[in-house]
Amino acid sequence: MWQLLTALAYCHLRRIVHRDLKPQNLLVSDDGIIKIADFGLARSFSFPSRAYTHEVVTLWYRAPEVLLGCSRYSTSLDIWSLGCIFSEMASGRPLFGGDSEIAQLFKIFQIVGTPNIQTWPGVEKFSHFKCAFPQWPFSETKLKERSTMTEDPLDLLQSMVRYPPEKRLTAKGALCHRFFLKTGGASAPLRVAELLTRFSEQEEESTRRGEQLSDCDDENEPDTRDDENDDVF
Numbered sequence: 001m002w003q004l005l006t007a008l009a010y011c012h013l014r015r016i017v018h019r020d021l022k023p024q025n026l027l028v029s030d031d032g033i034i035k036i037a038d039f040g041l042a043r044s045f046s047f048p049s050r051a052y053t054h055e056v057v058t059l060w061y062r063a064p065e066v067l068l069g070c071s072r073y074s075t076s077l078d079i080w081s082l083g084c085i086f087s088e089m090a091s092g093r094p095l096f097g098g099d100s101e102i103a104q105l106f107k108i109f110q111i112v113g114t115p116n117i118q119t120w121p122g123v124e125k126f127s128h129f130k131c132a133f134p135q136w137p138f139s140e141t142k143l144k145e146r147s148t149m150t151e152d153p154l155d156l157l158q159s160m161v162r163y164p165p166e167k168r169l170t171a172k173g174a175l176c177h178r179f180f181l182k183t184g185g186a187s188a189p190l191r192v193a194e195l196l197t198r199f200s201e202q203e204e205e206s207t208r209r210g211e212q213l214s215d216c217d218d219e220n221e222p223d224t225r226d227d228e229n230d231d232v233f
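So for the sequence shown, this note's numbering puts the first residue at 1; every next one is plus one.
One should not assume that every hint holds.
Unchecked claim - Okay, derived cross-link-like pairs now, EDC-like style, lysine to aspartate or glutamate, Cα gap no bigger than 16 Å in a straight line: (1) K144 / E101; (2) K130 / E88; (3) K167 / D155; (4) K22 / E124; (5) K125 / E145; (6) K182 / E145; (7) K107 / E88; (8) K142 / E124; (9) K182 / E151; (10) K107 / E151; (11) K144 / D155; (12) K142 / E88; (13) K107 / E145; (14) K182 / D152.
What the hints assert, rightly or not - FRET-style restraints, in silico, Cβ to Cβ: (15) A132 / R198: 26 to 36 Å; (16) Q24 / Q135: 16 to 26 Å; (17) I33 / T197: 16 to 26 Å; (18) K167 / K144: 38 to 48 Å; (19) A103 / D31: 38 to 48 Å; (20) Q3 / E201: 13 to 23 Å; (21) A42 / T197: 43 to 53 Å; (22) D99 / G122: 21 to 31 Å.
Just so you know, the hints here were simulated from the structure itself, not pulled from any lab data. Cβ coordinates follow ideal geometry from the N, Cα and C atoms, glycine included.
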């Protein structure tokens, strides 16, 4: 899970959202190195977010905002998918295993709770949201039973599969979760700090390069102003 979050944090740092995270798109080498594959649906995102198709991500790993018809999403989409994968790694079965979009929504609601304007402000604006949806409360017991996790990994999972999307942990934030600090041994805090420092340096370098490219584009922009000596027709 640490490897997956590190890879995802790198993608998000580069403003790439994968949009199709699932076990089938994860490659594992003989020496235990995990890599994220199949970037066929990946997109570069910007701020403010732009509209995308909502028909992304294999059903079992699709975030609820996408199922509800939202077309403006960002990295939180990948965090939900990775949370589902995290649970499946622990239990050996899908966390939410619906066989249709509405069945998938109800599988999510039965565990995470049916959203409303109090728990998810703005959810009523999504095209597929219905006030008549069956009402289920959030159930930590069901989430624990489904994922078969103990306290610390369960807390990490809850932070990844929650709504609204902006309340989910970021990939960088998840790397600082106590689950990794405890399981990584005495050197874990130092490794986290080093990793986040490296990410920050890469982010600054990426920003500088973007500014340099923008300056070059401006310098190379052809002068389209009318020449004073041009004939007028």
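Here is what the structure says about each hint:
{"no.": "1", "hint": "K144 / E101", "verdict": "violated, 24 Å"}
{"no.": "2", "hint": "K130 / E88", "verdict": "violated, 29 Å"}
{"no.": "3", "hint": "K167 / D155", "verdict": "holds, 14 Å"}
{"no.": "4", "hint": "K22 / E124", "verdict": "violated, 28 Å"}
{"no.": "5", "hint": "K125 / E145", "verdict": "violated, 32 Å"}
{"no.": "6", "hint": "K182 / E145", "verdict": "violated, 22 Å"}
{"no.": "7", "hint": "K107 / E88", "verdict": "holds, 15 Å"}
{"no.": "8", "hint": "K142 / E124", "verdict": "violated, 26 Å"}
{"no.": "9", "hint": "K182 / E151", "verdict": "holds, 12 Å"}
{"no.": "10", "hint": "K107 / E151", "verdict": "violated, 22 Å"}
{"no.": "11", "hint": "K144 / D155", "verdict": "holds, 10 Å"}
{"no.": "12", "hint": "K142 / E88", "verdict": "holds, 14 Å"}
{"no.": "13", "hint": "K107 / E145", "verdict": "holds, 14 Å"}
{"no.": "14", "hint": "K182 / D152", "verdict": "holds, 9 Å"}
{"no.": "15", "hint": "A132 / R198: 26 to 36 Å", "verdict": "violated, 49 Å"}
{"no.": "16", "hint": "Q24 / Q135: 16 to 26 Å", "verdict": "violated, 34 Å"}
{"no.": "17", "hint": "I33 / T197: 16 to 26 Å", "verdict": "holds, 23 Å"}
{"no.": "18", "hint": "K167 / K144: 38 to 48 Å", "verdict": "violated, 20 Å"}
{"no.": "19", "hint": "A103 / D31: 38 to 48 Å", "verdict": "holds, 39 Å"}
{"no.": "20", "hint": "Q3 / E201: 13 to 23 Å", "verdict": "holds, 20 Å"}
{"no.": "21", "hint": "A42 / T197: 43 to 53 Å", "verdict": "violated, 26 Å"}
{"no.": "22", "hint": "D99 / G122: 21 to 31 Å", "verdict": "holds, 28 Å"}
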